[in-house]
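Top line first, the protein sequences correspond to chains A and B.
All the letters of the first sequence, read from the start, carry residue numbers 638 to 865 under our numbering.
All the letters of the second sequence, read from the start, carry residue numbers 4 to 731 under our numbering.
To be clear, the hints were calculated from the coordinates, so they are not data collected in a lab.
Just so we're clear, the structure is a prediction, and the values are computed from it rather than from any experiment.
All residues carry an ideal CB built from backbone N, CA and C; glycine is no exception.
Do not take every clue at face value.
What the hints assert, rightly or not - Covered stretches of chain A, going by a simulated chain B footprint (3 or more residues, C-beta under 8 Å):
{"no.": "1", "segment": "747-756"}
{"no.": "2", "segment": "837-851"}
Stated by the list, open to error - Some, not all, of what chain A presents toward chain B, calculated at C-beta under 10 Å:
{"no.": "3", "residue": "C650"}
{"no.": "4", "residue": "G663"}
{"no.": "5", "residue": "W670"}
{"no.": "6", "residue": "K672"}
{"no.": "7", "residue": "G818"}
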Amino acid sequence: MKPNIIVFPGSNCDRDVYIAIKSVIGTSPKMIWHKETSLENTNLIILPGGFSHGDYLRSGSIASRAPIMKEVIKKAKNGTAVLGICNGFQILTECGLLPGSLMRNSKMQFICKYSYLVSTNESKWVNKKQVGKVISLPVAHHDGNYYANNKIIENLVKDNRIAYQYCSDEGVIDDKSNINGSINNIAGIINDQGNVLGMMPHPERALEKKLGGKDGINFFKSFFEKLG
Amino acid sequence: MTTVEQAIELGLSKDEYQLTIKYMERIPNITELGIFSAMWNEHCSYKSSKKWLKTLPTKAPWVIQGPGENAGVIDIGNGLAAVFKMESHNHPSFIEPYQGAATGVGGIMRDIFTMGARPVANLNCLRFGSPSHPKTKHLLSGVVAGIGGYGNCMGVPTIGGECTFDKGYNENILVNAMTVGIVNKNKIFYAKAGSPGSPVVYVGAKTGRDGIHGASMASAAFDANSENKRPTVQVGDPFTEKLLLEACLELMAIDCIIGIQDMGAAGLTSSSVEMAAKDNNGIEINLDKVPVREMKMTPFEIMLSESQERMLMVLKPGSEKKAEDIFIKWELDFSIIGKVTDTKNIVLTANNTIVADIPLEPLANGLIYDRPYEKKINNETVKIPNNSNWDESLEILISNHDLCSKNWIWEQYDHMVMGDTIGMPGSEAGIVRIHGSENQALAITTDCTPRYCEANAQLGGMQAVAECYRNLCSVGALPLAITDCLNFGNPENSVVMGQIVSAIDGISAACKTLSMPVVAGNVSLYNETEGKSIPPTPQIGAVGLIKNTDYQLTNIISKYNNQDIIIIGKTIGHLECSIYAREIERIDNGQPPSVDLDQELNNGKFILHLAAKELISVCKDISDGGLAIALAKICIMSKIGCIIKKPKMINTNAWLYGEDQARYIIISERNKTDIIMKEANKKNIPSSIIGQMEGKSFKVEYNNDNKEISIEKLSNLGNNWFVNYFSK
């Protein structure tokens with residue numbers, strides 16, 4: 638495992654995800670400044686949470702044009718795993734690696750709390766054991782309301798590319814458990830090649846009971862095993 | 004040439020104008036007069052409060068830096084120090100709630116990282132007017148969004164605070180923000196200038212025309228035209244501040260900086276004056292070198308702008324290039340604007356002409372007032388009727404705006420970023436683990452009970468410190484030190500001045516007994532609109548250390564069987580000035596509960612003793628709303644009921660809702676109850692077993708009358724106030 642974390646001006650979960658990965662797999666990820674133009678020898682690129690460029694213009698839009706992003710897009714197209722968390726997810730939709738967009742939460746407020754999630758599809762990112770299991774991860778975002786046109790949604794459903802959905806503590810996916818108004822309660826999606834995952838919840842914040850939950854550990858382990 | 008009328012317009016008095024002439028030995032020009040007015044306003048000079056602030060206890064073996072710097076610093080062991088302070092942003096937040104609150108948060112964070120510390124936690128204390136006042140909704144939603152907007156973007160968790168409502172704040176809300184940072188003990192930076200010849204450097208955002216003379220606005224009372232002051236409110240850019248934070252910490256890691264000061268209130272004026280005056284130096288600034296974002300800014304405007312996200316530093320000669328590279332990397336302005344001199348004057352030039360030349364000493368320390376004061380003490384007691392049905396009262400109180408859950412607020416704040424929040428908002432104190440340490444954490448709390456202060460400012464000041472002490476003990480933290488943020492009305496009114504003097508007296512007494520020195524502080528006066536002052540609000544923020552997080556206490560029980568409920572501390576049933584009296588009996592005068600500092604100290608120490616011996620893991624202090632509210636909150640958080648038995652000699656409502664001080668609820672596992680009671684007995688700590696955690700309801704037994712309320716119902720009542728309020 639050779640993870641790289643891209644650091645944009647305004648990223649603020651870069652340290653958290655660094656610590657999470659180090660504690661789960663014992664390898665220190667490499668931090669890559671957004672002005673770099675090449676990535677060498679990596680099999681996992683992480684776009685961390687935060688407020689890259691202050692979320693000015695639109696969340697993630699300025700970062701999606703950063704010098705490093707050309708390389709990230711190239712690597713992603715060649716099959717390298719790319720994980721975007723929160724602001725990272727927004728950057729992935731802005732740069733076109735993932736379809737759709739993330740609009741302001743339906744209540745128009747920033748929301749920070751633990752949310753329940755369930756994955757109904759096995760993928761490169763979710764192993765068999767995790768499928769159907771309700772997990773609890775925190776969200777912290779203002780713009781997490783996933784939107785895409787019908788065609789895109791149909792394709793996401795058809796190709797089993799919805800990675801995580803907001804649900805109740807019992808796994809019921811309904812309006813009541815939809816914390817931000819996302820279409821189909823979408824919390825995370827995968828690209829058509831299957832190697833890019835974008836998600837709003839923060840697995841890196843849920844590694845210890847003391848911090849409120851430790852479902853983040855299995856989340857990371859689930860795809861680390863597959864990536865090797 | 005300036006006139007006395009111009010001086011008055013800038014907020015100086017006639018006498019103060021004469022003083023400027025005396026110090027200058029000539030009539031000051033407009034730029035000089037502006038600088039005097041900025042340094043001599045209440046906000047920057049503490050001229051009305053200084054005499055009394057000096058009486059506060061500020062020393063202890065663990066205090067590294069007391070008041071007088073950007074923030075206070077205390078030793079927290081392992082080579083680390085905690086840096087913290089609380090500051091007000093009341094006036095701007097009332098005029099423009101989002102930006103006012105946001106820049107308040109930005110300003111206090113800058114105070115912390117100026118000293119080399121990475122901010123690790125934010126808290127805020129909010130006082131709004133009556134919920135039914137037409138402005139309250141707008142102010143509440145704007146302030147909360149502004150605090151979140153800034154703190155969330157910075158990536159610093161907001162982990163606690165207070166929010167209450169009272170008509171006394173209808174036209175003058177309070178927004179007090181506190182930040183705590185952690186720094187390596189031998190890497191602390193101070194606001195000093197070093198030796199003559201050292202370069203003075205401006206970094207951060209450009210200077211614009213926003214917030215010109217903001218500190219003077221904050222030092223004046225409001226009137227009907229206050230809305231016109233909107234242009235004096237600064238506009239925050241948290242993204243730039245995040246870059247500034249990272250750039251400053253990167254520069255601080257290499258050995259370049261002699262002194263550093265953020266440009267907060269009174270901007271470039273106060274930062275340059277304070278730094279140079281500290282070492283008895285002089286300073287020379289070329290205003291043409293100041294990065295500006297607007298054309299043709301005058302020296303007056305540049306010096307008095309309160310544009311945000313700017314810092315002034317003095318570098319070691321020869322390190323300019325290294326420093327500049329870092330700021331270029333972070334895409335921030337970097338400009339060498341002057342140098343330290345030995346003239347003991349501040350000299351400003353523009354277009355190769357001297358535009359101001361003022362002696363620093365009177366600017367920095369020129370004014371101190373001994374204002375007349377009158378300590379108005381009302382000894383009148385009132386009888387509070389107490390015949391209401393306890394269960395109906397509990398339903399009303401748990402859904403009251405001051406006692407209900409504030410999750411609507413804190414869920415808008417990122418309280419988990421940085422990955423060390425181990426005590427969530429909504430409990431007695433926010434807790435952040437000391438990053439990188441195995442099991443040490445800082446517990447942080449804020450408190451003040453304005454209705455007590457209004458009845459008796461001295462007792463109110465004391466109570467605010469005592470409650471902070473209790474909050475910290477109740478999570479298992481050793482209380483270490485406080486910052487204060489003294490919000491009062493017009494000090495030229497002798498009664499208000501009396502409240503200030505009394506509150507400081509009370510704080511002083513409590514700090515001494517409880518060994519919590521005051522290491523930083525802020526004073527916000529003139530919180531007055533059309534002649535009416537706010538209730539005296541000496542807000543306290545306190546920091547404590549949890550030496551081993553295994554012994555951290557929470558208010559959620561994790562085991563459900565055989566859990567006894569024990570009260571530590573003496574219950575008399577004091578209802579005067581309580582929330583019960585205000586909300587149920589509609590009586591808001593009378594005497595606040597007495598504060599016995601020795602009892603506070605002993606009972607708090609006893610809680611820490613029980614925690615260290617692993618005899619308890621669940622504790623909650625008893626404060627607003629009394630025993631019933633504290634216990635109901637444990638039940639709601641833990642999703643379990645309780646059965647408690649009222650003692651014979653006390654009225655039910657007085658027992659449940661009395662606000663006697665120095666009390667805690669602890670939950671003990673049955674096999675430990677005996678040991679705890681024996682320990683209490685041995686140490687002379689008042690204690691009584693009042694019941695057990697069990698079932699699904701809150702149940703009180705007395706005289707065969709066994710009414711109960713389901714916890715689910717209490718939970719819904721407690722959680723829905725804000726949602727209902729905003730859906731109306």
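Problem set entry | Outcome, coverage of the segment 747-756 of chain A by chain B - at least 3 residues whose beta-carbon is closer than 8 Å to one in that chain | holds (count 4)
Problem set entry | chain B contact restraint on C650 (chain A) - CB to CB distance below 10 Å | Holds. Min distance 6 Å.
For this session: Would you check whether G818 (chain A) satisfies its interface hint, that is, whether its CB is within less than 10 Å of any CB in chain B?
Result: Violated. Min distance 16 Å.
Exercise. Has the segment 837-851 of chain A got at least three residues whose CB is nearer than 8 Å to a CB belonging to chain B?
Worked result: The restraint on the segment 837-851 of chain A holds, since 7 of its residues have a Cβ under 8 Å from chain B and three suffice.
Exercise. Is the hint on G663 (chain A) kept, meaning its closest Cβ partner in chain B is under 10 Å away?
Worked result: 17 Å, violated
Problem set entry | chain B contact restraint for W670 (chain A) - C-beta distance below 10 Å | Holds. Min distance 8 Å.
Problem set entry | Hint status (Cβ of K672 (chain A) to nearest Cβ of chain B, threshold 10 Å) | 9 Å, holds
The earlier numbered hints that this structure contradicts are 4, 7.
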